[in-house]
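Chain order of the listed sequences is A and B.
Residue numbers in the first sequence follow the working numbering, run continuously in steps of one, and reach 162 at the last position.
Residue numbers in the second sequence follow the working numbering, run continuously in steps of one, and reach 388 at the last position.
Any given hint could turn out to be false.
[As the list claims (entries may be wrong)] Below are the SDA-like pairs computed for lysine to any residue, each with C-alpha atoms no more than 25 Å apart in a straight line:
id: 1; chain 1: A; residue 1: Lys119; chain 2: B; residue 2: Gly375
id: 2; chain 1: B; residue 1: Lys315; chain 2: A; residue 2: Arg110
id: 3; chain 1: B; residue 1: Lys315; chain 2: A; residue 2: Ser121
id: 4; chain 1: B; residue 1: Lys315; chain 2: A; residue 2: Ala144
id: 5; chain 1: B; residue 1: Lys354; chain 2: B; residue 2: Ser298
id: 6; chain 1: B; residue 1: Lys315; chain 2: A; residue 2: Ser78
id: 7; chain 1: B; residue 1: Lys342; chain 2: B; residue 2: Lys354
[Said to hold, decoys possible] The calculated label-pair distances, taken between Cβ atoms and stated as ranges, are:
id: 8; chain 1: A; residue 1: Gly109; chain 2: B; residue 2: Tyr281; range: 27 to 37 Å
id: 9; chain 1: B; residue 1: Ala291; chain 2: A; residue 2: Gly90; range: 18 to 28 Å
id: 10; chain 1: B; residue 1: Val344; chain 2: A; residue 2: Ser89; range: 23 to 33 Å
[Stated by the list, open to error] Selected chain B positions facing chain A (in silico; Cβ < 7 Å):
id: 11; residue: Gln312
id: 12; residue: Gly313
id: 13; residue: Asp327
id: 14; residue: Gly375
id: 15; residue: Phe379
id: 16; residue: Gly380
Because the hints were derived from the structure by calculation, they are not lab data.
As the structure is a computational prediction, the values presented were derived from the model and not from experiment.
Cβ coordinates follow ideal geometry from the N, Cα and C atoms, glycine included.
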Amino acid sequence: SQQGEEDPQALSIQEGENATMNCSYKTSINNLQWYRQNSGRGLVHLILIRSNEREKHSGRLRVTLDTSKKSSSLLITASRAADTASYFCATDEAGYGQNFVFGPGTRLSVLP
Amino acid sequence: EAGVAQSPRYKIIEKRQSVAFWCNPISGHATLYWYQQILGQGPKLLIQFQNNGVVDDSQLPKDRFSAERLKGVDSTLKIQPAKLEDSAVYLCASSLVAGSLNTGELFFGEGSRLTVL
Numbered sequence: 051s052q053q054g055e056e057d058p059q060a061l062s063i064q065e066g067e068n069a070t071m072n073c074s075y076k077t078s079i080n081n082l083q084w085y086r087q088n089s090g091r092g093l094v095h096l097i098l099i100r101s102n103e104r105e106k107h108s109g110r111l112r113v114t115l116d117t118s119k120k121s122s123s124l125l126i127t128a129s130r131a132a133d134t135a136s137y138f139c140a141t142d143e144a145g146y147g148q149n150f151v152f153g154p155g156t157r158l159s160v161l162p
Numbered sequence: 272e273a274g275v276a277q278s279p280r281y282k283i284i285e286k287r288q289s290v291a292f293w294c295n296p297i298s299g300h301a302t303l304y305w306y307q308q309i310l311g312q313g314p315k316l317l318i319q320f321q322n323n324g325v326v327d328d329s330q331l332p333k334d335r336f337s338a339e340r341l342k343g344v345d346s347t348l349k350i351q352p353a354k355l356e357d358s359a360v361y362l363c364a365s366s367l368v369a370g371s372l373n374t375g376e377l378f379f380g381e382g383s384r385l386t387v388l
């Protein structure tokens, strides 16, 4: 089965800077989602982008999707220490029902 | 709205022992998932239920893992006998039934952390 692969594996930035994470996948998808996981907690849904969408915004988050390159990016603007977490992309393979496959994640550290 | 409930939060067992995890999804969510998350990795799907039927259990190690969802609500995941490599966090998630109203969003519980010694 396909799997999203996030890049970079780890990212360390200063508060106020922007953080960009990328996700690549292998086959056609219905949609792609981004989740955040704080240490020792469950995953929290951030944003969903459908295969016919190219860009989506939610607060300080901006997600892009390029289906021709099978890739997505998550941009967090004006980062805060509270954004420190792991970020995962999850893909929903076309024709496969709601079978969400997660990548290994990007560990983001925002330094005060 | 109450979230996905899981218990226990932590469990420590010896190898070859058995363990069971319980999940209560959000009310009205027909789809329920169990994921295994090994430290430093992304969640890996073990099994997906739609109501009380299994949709996908292709990655469930069926020689030692079993799961059920009686009456299409609560679910139990069992491991018997446990191995050292089963040490992980077991995450339960739920979502609405697929359809025009379904955003596709997964709602996760806090997870059950298993340590096998």
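Checked hints:
no.: 1; hint: A/Lys119 to B/Gly375; verdict: 23 Å, holds
no.: 2; hint: B/Lys315 to A/Arg110; verdict: 28 Å, violated
no.: 3; hint: B/Lys315 to A/Ser121; verdict: 20 Å, holds
no.: 4; hint: B/Lys315 to A/Ala144; verdict: 19 Å, holds
no.: 5; hint: B/Lys354 to B/Ser298; verdict: 33 Å, violated
no.: 6; hint: B/Lys315 to A/Ser78; verdict: 19 Å, holds
no.: 7; hint: B/Lys342 to B/Lys354; verdict: 30 Å, violated
no.: 8; hint: A/Gly109 to B/Tyr281: 27 to 37 Å; verdict: 33 Å, holds
no.: 9; hint: B/Ala291 to A/Gly90: 18 to 28 Å; verdict: 21 Å, holds
no.: 10; hint: B/Val344 to A/Ser89: 23 to 33 Å; verdict: 30 Å, holds
no.: 11; hint: Gln312; verdict: 6 Å, holds
no.: 12; hint: Gly313; verdict: 4 Å, holds
no.: 13; hint: Asp327; verdict: 6 Å, holds
no.: 14; hint: Gly375; verdict: 6 Å, holds
no.: 15; hint: Phe379; verdict: 4 Å, holds
no.: 16; hint: Gly380; verdict: 5 Å, holds
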